[in-house]
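Trainee: One letter stands for each residue in the lines below.
There are 2 protein chains.
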Amino acid sequence: MPWPSAPGYAAQMDARPPLLDTLPTFADVLDAAARIRPHARVTPVLRNDALDAMAGARLYFKCENLQRAGAFKFRGACNAVFALDDETAARGVATQSSGNHGAAIALACRLRSIPATVVVPEGAPKVKLDAIAAQGARIVRCAANMRARDAAVAEVVADTGATLIHPFDHPDVIAGQGTAAMELLAAQPALDAVIAPVGGGGLLSGTGLALRALAPRAQVWGAEPEAARDAYDSLASGAPITDRIPDTICDGLRGHLSARTFALVARDADGILLAGEDAIRDALRLAWTQLKLVIEPSSAVALAVVLGDPARFSGKRIGLIISGGNIDAASLPSLLA
Amino acid sequence: MPWPSAPGYAAQMDARPPLLDTLPTFADVLDAAARIRPHARVTPVLRNDALDAMAGARLYFKCENLQRAGAFKFRGACNAVFALDDETAARGVATQSSGNHGAAIALACRLRSIPATVVVPEGAPKVKLDAIAAQGARIVRCAANMRARDAAVAEVVADTGATLIHPFDHPDVIAGQGTAAMELLAAQPALDAVIAPVGGGGLLSGTGLALRALAPRAQVWGAEPEAARDAYDSLASGAPITDRIPDTICDGLRGHLSARTFALVARDADGILLAGEDAIRDALRLAWTQLKLVIEPSSAVALAVVLGDPARFSGKRIGLIISGGNIDAASLPSLLA
Numbered sequence: 023m024p025w026p027s028a029p030g031y032a033a034q035m036d037a038r039p040p041l042l043d044t045l046p047t048f049a050d051v052l053d054a055a056a057r058i059r060p061h062a063r064v065t066p067v068l069r070n071d072a073l074d075a076m077a078g079a080r081l082y083f084k085c086e087n088l089q090r091a092g093a094f095k096f097r098g099a100c101n102a103v104f105a106l107d108d109e110t111a112a113r114g115v116a117t118q119s120s121g122n123h124g125a126a127i128a129l130a131c132r133l134r135s136i137p138a139t140v141v142v143p144e145g146a147p148k149v150k151l152d153a154i155a156a157q158g159a160r161i162v163r164c165a166a167n168m169r170a171r172d173a174a175v176a177e178v179v180a181d182t183g184a185t186l187i188h189p190f191d192h193p194d195v196i197a198g199q200g201t202a203a204m205e206l207l208a209a210q211p212a213l214d215a216v217i218a219p220v221g222g223g224g225l226l227s228g229t230g231l232a233l234r235a236l237a238p239r240a241q242v243w244g245a246e247p248e249a250a251r252d253a254y255d256s257l258a259s260g261a262p263i264t265d266r267i268p269d270t271i272c273d274g275l276r277g278h279l280s281a282r283t284f285a286l287v288a289r290d291a292d293g294i295l296l297a298g299e300d301a302i303r304d305a306l307r308l309a310w311t312q313l314k315l316v317i318e319p320s321s322a323v324a325l326a327v328v329l330g331d332p333a334r335f336s337g338k339r340i341g342l343i344i345s346g347g348n349i350d351a352a353s354l355p356s357l358l359a
Numbered sequence: 023m024p025w026p027s028a029p030g031y032a033a034q035m036d037a038r039p040p041l042l043d044t045l046p047t048f049a050d051v052l053d054a055a056a057r058i059r060p061h062a063r064v065t066p067v068l069r070n071d072a073l074d075a076m077a078g079a080r081l082y083f084k085c086e087n088l089q090r091a092g093a094f095k096f097r098g099a100c101n102a103v104f105a106l107d108d109e110t111a112a113r114g115v116a117t118q119s120s121g122n123h124g125a126a127i128a129l130a131c132r133l134r135s136i137p138a139t140v141v142v143p144e145g146a147p148k149v150k151l152d153a154i155a156a157q158g159a160r161i162v163r164c165a166a167n168m169r170a171r172d173a174a175v176a177e178v179v180a181d182t183g184a185t186l187i188h189p190f191d192h193p194d195v196i197a198g199q200g201t202a203a204m205e206l207l208a209a210q211p212a213l214d215a216v217i218a219p220v221g222g223g224g225l226l227s228g229t230g231l232a233l234r235a236l237a238p239r240a241q242v243w244g245a246e247p248e249a250a251r252d253a254y255d256s257l258a259s260g261a262p263i264t265d266r267i268p269d270t271i272c273d274g275l276r277g278h279l280s281a282r283t284f285a286l287v288a289r290d291a292d293g294i295l296l297a298g299e300d301a302i303r304d305a306l307r308l309a310w311t312q313l314k315l316v317i318e319p320s321s322a323v324a325l326a327v328v329l330g331d332p333a334r335f336s337g338k339r340i341g342l343i344i345s346g347g348n349i350d351a352a353s354l355p356s357l358l359a
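From first to last, the protein sequence lines stand for chains U and L. Going by our numbering, the first sequence opens with residue 23, and the numbers climb by one from there. Going by our numbering, the second sequence opens with residue 23, and the numbers climb by one from there.
Derived by calculation from the structure, the hints in this document are not laboratory data. Check the hints yourself; a few may be wrong.
No distinction is drawn between identical chains; accordingly, a pair holds when it is met within one copy or between any pair of copies.
Pairs of lysine to aspartate or glutamate residues, derived as DMTMM-like cross-links and limited to a Cα-Cα distance of at most 25 Å, are as follows [stated by the list, open to error]: (1) Lys150 <-> Glu299; (2) Lys150 <-> Asp71; (3) Lys148 <-> Asp74; (4) Lys338 <-> Asp53; (5) Lys148 <-> Asp107; (6) Lys148 <-> Asp71; (7) Lys150 <-> Asp74.
Please read all numbers here as calculations on a predicted model, not as lab measurements.
Pulled out of the complex, with its shape left as it was, chain U reads as follows (with noise of 0.2 Å):
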């Protein structure tokens, strides 16, 4: 495996040398389509004319909000609960994530009828939390703010022996996701570029993974919401800024890269291009009126960058990671005026 080339990486990594053991590869991303293959969907590959007219470019969506539980990440958290073997899973899964992760988790415990447990903090919105509910999950309240979270899965993990799965900061998890861009190659062989959103990287990095085995001349870019550019920072700076607290409508991408999902995304994208939220907005509707696809303002951070950006992805054909589509009702209209 190839060293990471952004700079000052290497130095980091030079203090945490049982990463790069950790960082999956291809194969693993293998493993995971495999392995996910009887549970999660072979989504759809969607174009429309009025939207590549706009952008003068052909682009390809993959409607990971069609996806069962309504996201992507129930690509991840299939993997990597079916990875388990059978004693580790009996004791349950925890995690922590008042969004699409954790309604994932839940229904791939429920496939394999093990316990989860999701660690939720005050103040998360009712249908997030009843999605998860939905799904026979046990719910834990916790206090909205990082250590009270971190302090309540450790109290579920040592109590239950359950196995905690992070939301993007796991192999299979990374490995999980990029199934979705796996996919789209099969639907759409000549792609030029690949762009997906990037919260906590999990996403981009399994997208990097896919691209660089499958379509090794074909980019792959970061789309983030220039409210949240940690990211976009990180990459410039050379390693992971962790200490902002985004505001962006962009609720899925207010994540910040781990040591491991910087190594990813620094190895295997091209970069990460920014929207305003305006623009993000303006792609919301877009894809609501044009594509006619629910989608959350998350995923419309990748129509909006292609649409801000004419110049460089003019005449090409572009695969857009469509990550999700669960959003509050009661927000629509806002989201829409």
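Fit chain L to the known structure of chain U by using the hints.
Mentor: Same frame as chain U, now just chain L:
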């Protein structure tokens, strides 16, 4: 071709002998499939765990909201436009529709590089006019009554020699609409029933042609708003009822059966199922929040009748044709309220 079996129908048909000669057959659906193949999309068939659980059945959604121009209407319009001989086609096509058929004709004519004229009544939503104009069609405004519409279309036809392509009372249009059910059966052959919304009856007629040939044991149901139950009452009374002015949020289902679509529906469909406006709104919200699809109210009626009649559909495999996704963004807040 068997004689229509609805009570009272034979008497009416005796007065119109030419009609049966122009009823399309399954062979016409096959021709349509070949003709539109280079132009129309093979739309995905989607499933959803939560909706299956609610229905107590296995639901397969044929997503014509993802069809070009946002509705199944493109299938029939494309078939009718490309079935014209070159000399006739060169004089252009005319139709009257402020809705999906108008945009579909405009797109089909653009693809065949022939002129299209769409007669649109005053008061039609700007978003629909924009969709028609964006395809390069000429728009002719007229007063918002049927007499003014018919006069305007007749004038266009007299002036230009254009061919009138009716939204549903046209054999090639009906045959084209039948290709959606053909594709649905290709994706999921083992269906116990297929449900299609019914307005003018073009989609339901085409669906019946496909099902009777390809899956003769499967049931075919029309879904109609209780507030626009002219098709239901037409079947009960044995003749098409055409003198009502329905008041329903399903703007695509305000049309009435013609003699031709009545004949086909009476022969091939198992019946019409009704849904109230509240049930249609509930189904619309479920499509958005669970299926992650933007569908129009006229499509939600098919889901509404399934959820409203669990005894009939429990344990069955049901195909639902999601007819379209064209909806005014401005109307979303009220639809979601």
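Trainee: Confirm or reject each hint.
Mentor: Hint by hint, here is what the structure shows:
In this assembly of identical chains, Lys150 and Glu299 lie within 25 Å of each other by CA distance solely inside one copy; the values are 23 Å within and 28 Å between copies. With identical chains, the CA atoms of Lys150 and Asp71 are at most 25 Å apart between copies only, with a shortest distance of 16 Å across copies and 34 Å within one. Proximity of Lys148 to Asp74 under the C-alpha cut-off of 25 Å is restricted to the inter-copy arrangement: shortest distance 22 Å between copies versus 37 Å within a copy. In the homo-oligomer, the alpha carbons of Lys338 and Asp53 never lie at most 25 Å apart, since the shortest distance is 31 Å inside one protomer and 35 Å across protomers.
In this assembly of identical chains, the alpha carbons of Lys148 and Asp107 never lie at most 25 Å apart, being 33 Å within a copy and 59 Å across copies at closest. In this assembly of identical chains, Lys148 and Asp71 lie within 25 Å of each other by CA distance solely across copies; the values are 20 Å between and 37 Å within a copy. When the C-alpha separation of Lys150 and Asp74 is checked against a cutoff of 25 Å, the pair qualifies only between copies, where the shortest distance is 20 Å, while the shortest distance within a copy is 33 Å.
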